[in-house]
Structure formats: C-alpha cells, structure tokens
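Student: Read top to bottom, the protein sequences are chains A and F.
With our numbering, the residue at position 47 of the first sequence is 47, and numbering never jumps.
With our numbering, the residue at position 25 of the second sequence is 142, and numbering never jumps.
You can take every hint at face value.
The list that follows gives simulated cross-link-like pairs (lysine to any residue, SDA-like), each with its CA atoms no further than 20 Å apart: (1) A:78 / A:44; (2) A:57 / F:211; (3) A:42 / F:188; (4) A:57 / F:118; (5) F:171 / F:139; (6) A:42 / F:211; (7) A:42 / F:128; (8) A:42 / F:141; (9) A:42 / F:125; (10) A:57 / F:147.
Examples of chain A residues toward chain F, derived with CB under 7 Å: (11) 45; (12) 48; (13) 89; (14) 110.
Computed list of chain F residues with no C-beta within reach of chain A, every gap over 10 Å: (15) 176; (16) 182; (17) 223.
Honestly, the hints are just simulated from the structure, not real lab data.
Please read these numbers as outputs of a predicted model, since none were measured by experiment.
We treat Cβ as the ideally placed atom computed from N, Cα and C, and that holds for glycine.
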Amino acid sequence: EPEVTQTPSHQVTQMGQEVILRCVPISNHLYFYWYRQILGQKVEFLVSFYNNEISEKSEIFDDQFSVERPDGSNFTLKIRSTKLEDSAMYFCASSQTWDRQSYNEQFFGPGTRLTVL
Amino acid sequence: GIQVEQSPPDLILQEGANSTLRCNFSDSVNNLQWFHQNPWGQLINLFYIPSGTKQNGRLSATTVATERYSLLYISSSQTTDSGVYFCAVENNAGNMLTFGGGTRLMVKP
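Just chain A, same shape as in the assembly (with noise of 0.2 Å):
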C-alpha cells in the first residue's frame, strides 16, 4: 500500500543551524502538507503546498521557514536558524485532491522529530 516517508526519523541539531526535513508524498497526489507536534501537545498547522506554490500557511509559518519540490518527488521543509523552540515531531503528508466536493483524506508520513540543543 502506498505511504508517505520522511528522512531522517531523528535529527538533532544545535540552535542557529539550518536543518532540512525530507518528504516523499504518495505517487499520485497533489497537495502536500507539513504539520509538527511539540512533546505532549496538539498536531499544528503549518503549510500547504499545490501546483509548486505555497496555498496556505499557518501564523507558526514565519519567514524561517520555507517548503520546496525539488523534483518530481521529494517535498522539503527548510528552517534557516533553528531555535529552542522548533523541537518537536515534523509530519508531512499528503492528499489525492482539495475539494468541498471530492475525496480528500490527508495521509501522514511517521514523522521526522527534531531536538534543537
């Protein structure tokens, strides 16, 4: 059955560096989404992303923060200078279509989590 992955599963980092989370949405889906979870907290929000252009992000989406399809396949979350406060679990995942009308339901990959020390 096809899934979402994500690399790497752990990633740890110190404050100020940049870090790339790496996501592979299922084959024939079309919108891509990132959503991380802080230790003990609610799933959040972040961006999504259709037709190589960013359609909504959340007020957690500042300008550290940037989302990329490098190729026909991957789909990145790039944050430039990591901060205490970025540690958490990353998801992304993924969804055939978006629409009022169609069938929508949005797959998670198993999540990269970050520490930033």
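Fit chain F to the supplied structure of chain A, relying on the hints for placement.
Tutor: Relative to the frame of chain A, chain F by itself:
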C-alpha cells in the same frame, strides 16, 4: 478559526471493555478524520468520515455533521489500542486539518 474539542482527555480501560470517544467541532466541515498515534509517535489513519457511519473491525465511527460532533467506538479493547486518539477537521476556510487535543487511552491487561 474552527475549534475542536475531544473528550475525555484521558481514559483507562480494562482489556475487553468498550469505549466511546467524542469530538465536537464549532463549524461545518468538509473533512473529518480520526487518527491513532501509537507509542512511536506515528499517526495512523483510522477513518475519513465527514458524515455518516463506518466500521473497520472492532472500531467504528459516526459523524453527525448537522450537530457538529463525531464519535469513535472501540469495542473489546486490546492493549495494542493504547495511545492517543486524535480527531481532525477541515472546514471551508482552507485545506488544513485542525486537530483536537486528543484522548489518551490506556488499556490494561
């Protein structure tokens, strides 16, 4: 934005017991999903259920969209059912899922 409230926040069951988890939401929705977050942190899709009733083995879910709530039923619970159950909704405001705070379930042998 849309508000999503889940109850109860914590639930302890003996193996074999049944339970009902509730999700209330504050606005009409296009999408409602239930997830199980396992001890490794993975979010496992349980149901895509913006309306109606679905069943999958020992789990079933019902969404009453007009009354803005969804229920997840777990029957004959097993220790492997332990974890956090999240409800997440998407409304007309955009294509993001808004998650509830979750129900933390512990099933004891």
